[in-house]
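Engineer: Each chain is listed here by its residues.
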Amino acid sequence: MSSLVIEKAEIGTPRHRDAVSSPTLLAAENLSRSFVYRRGSLLRREARFRAVDDVSLTLREGETLGIVGESGCGKSTLGRLLSGLARPDAGSATFADLSLSSLSGQAWRASRRDIQVIFQDTAGSLDPRLPIEEQVREPLDLHAIGTPESRVQAAQEMLDAVRLGRHMWGSVPGELSGGQQQRVVIARALILKPRLLVCDEPVAALDVSIQAQIISILQDMRSRLGLSMIFISHDLGIVRHIADHVAIMYLGQIVESGPSETVFSDPAHPYTRALISAVPVPDPKRRRQRRLLSGDPPSPHTPPPGCRFHTRCPLKVERCTSEEPRLTLQGAHGVACHFAEVAP
Amino acid sequence: MRPTYLLWKTLRAILTMWLVVTFVFFVLRLTGDPVAQLLPDDVDQNTIDFYRHLWGLDQPILVQYWRYMVALTQGDFGISFRDNQDALQLVLSRLPKTALLGFVSLVFALVFGIPLGVIAALKKDTAVDRFVVGFAVFGFSLPNFFLGILLILAFSLHLRILPSSGSDSWQHLIMPAFTLGTAFGAQIARYTRSAMIDVLNKPYMRTAESKGAGDLLRLYRHALPNAAIPLITIIGLKMGELIGSAVITENVFAWPGIGRLLTFSVAARDLAVVQCILMIIALTMVVSNLVVDILYGWLDPRIRADGTPEAAR
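In order, the protein sequences belong to chains A and B.
Using my numbering, read the first sequence as starting at 1 and increasing by one per residue.
Using my numbering, read the second sequence as starting at 1001 and increasing by one per residue.
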């Protein structure tokens, strides 16, 4: 059982905002979601695996939470659960007093005004037929916000804000570059002035130079609109740059979490340390000791017993193969490892 | 739409028509002598020679071909050997009946095929989906002549509520149109289903959902317009085939359109009429292709006016 609650008093000051005690915006408790990977039949039991296994976390108003992990660790599924796009099998996600897991129909659609998502596949998430101005405006039309004229104006202002010039407004997505498409996606997500923006690998498909541009637009919009963000990425550098708090995921569970500075400068979980040591440092003189992990992550279909990381862990002892470590908090810093305290 | 693009397409259409005319011209003349077919066995050689000369069949085949092509450019399609009528006039007099049958069948096919395909896609892998797919396979596997005969057995012979042949009233139209439309509608249902399944799985459908768009709105604003792009192509191509497959249906129900005229004319080696009908069938295919090309550029902004997909430039 791992569970993480980031308490307000223990949080460092969010970098973009002076909200020391801002209210909780999103609280997830013991979220789990499993998927069928082999259909059942008369002769065979249906086989499921837990993409997200008993995850709890809290996001405060105005904060940015980074979720980091290898591919296949359940980051995207967690993002979908937290944004209300998927329903958990167990546990609950509560967004500003709304229980996301029980909303239906009209109420769910209304909740989209406050929660917006930027998906991983930028080009694919835009309708290839519609001019971008129309796609950015569509959420306003759907929620009947303002007059038709004011919607057009709002869409154009938003396109301006993400630095897409007037000559591009009539273009269809295929005519734009990847970075421009991503800016359309951002404009589309932010036009409703949501309170929460969930970004699922928003820059993974882009060149490094374009990544920086997109990140700076996101930061700019975050401070302009007072957004709270969940930022899902496998790129530690970007998460460290943009997130106030981070949660490190491994095989569907959070293994370490806490304020970005603490986690990155003083990682406690052996998995986090391995991840951080693998980040390239652009300085040839600086010699680093890399902690290479052996092997691939085990299949999430059959997670190892005990600590899920024990198959690759340099600190493994007998206890790790049988007893599952719980996420324990030291201040705001939570670690799920039997050796959290003694680890060097 | 650039004029050069249109011009290029039209030139290609003309080239296609020329190939069809040439092919039909030579193949028909290889199948045997129409004079032998038309005249009784016991006529003397002089009479045979007279008709062969009258119709120009005594000339070398290349000369015949040249004369035919020259006549075509002047709008002369030749005369029917059987009743000495102008071939084009004869065919055109039958065309409205075929056009009516084709149009009603097409409307029937679209009205049933598209909604069935959409429903099957939305209810993918459920009983509804399996029923629609099963119906579609049944619909287009069943030969027209067989379905037609079944209908005649049931509604004309047994129930006695619909006429089995002729074209005098709207009741006469029901069974031929149903026969022709079922096969076509079944194919449209299947293509609609796969086009919709493809589009429904696209990330932008998920985006639309996350924007807060309701089911119906997502369907008609994002899913249908995008699924329509491949669908239009297929429907256009199949529309050309519709006239071709009408030949069998017209014969089963004795529907006096060009399909029935075609079988009679082929049996009689009535060269000019057969050529004229095949040209009209080819023309419907070429024109529907051309219309599809034009519609395509209009429906799909990714295809630019010069006809090349965005990615290829």
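Source of the hints: derived by calculation from the structure; they are not laboratory data.
For every residue, glycine included, the Cβ atom is placed at its ideal position computed from N, Cα and C.
Be a bit skeptical, because a hint or two may be false.
From chain B, some residues computed to sit far from chain A (all C-beta separations above 10 Å) [as the list claims (entries may be wrong)]:
1) V1021
2) L1142
3) Y1204
Partial selection, computed: residues in chain A whose CB lies under 8 Å from chain B [unchecked claim]:
4) R222
5) G226
6) R240
Engineer: Tell me if the interface restraint on A:G226 is satisfied: Cβ within less than 8 Å of some Cβ in chain B.
Structural biologist: It is violated, given that the least Cβ distance between A:G226 and chain B is near 21 Å, above 8 Å.
Engineer: Over 10 Å from every CB of chain A: does B:L1142 meet that, or does the non-interface label fail?
Structural biologist: Holds, because the least Cβ-Cβ distance between B:L1142 and chain A comes to about 33 Å, which exceeds 10 Å.
Engineer: B:Y1204 clear of chain A by more than 10 Å, beta carbon to beta carbon?
Structural biologist: violated (5 Å)
Engineer: Using Cβ atoms and 10 Å as the threshold, tell me whether B:V1021 really stays out of contact range of chain A.
Structural biologist: holds (39 Å)
Engineer: Measuring from the C-beta of A:R240 to each C-beta in chain B, is the shortest one below 8 Å?
Structural biologist: This interface hint is violated because 27 Å lies over the 8 Å limit.
Engineer: Grab the minimum C-beta distance from A:R222 to chain B and call the hint holds if it beats 8 Å, violated otherwise.
Structural biologist: violated (19 Å)
In this structure, the hints that do not hold are numbers 3, 4, 5 and 6, in rising order.
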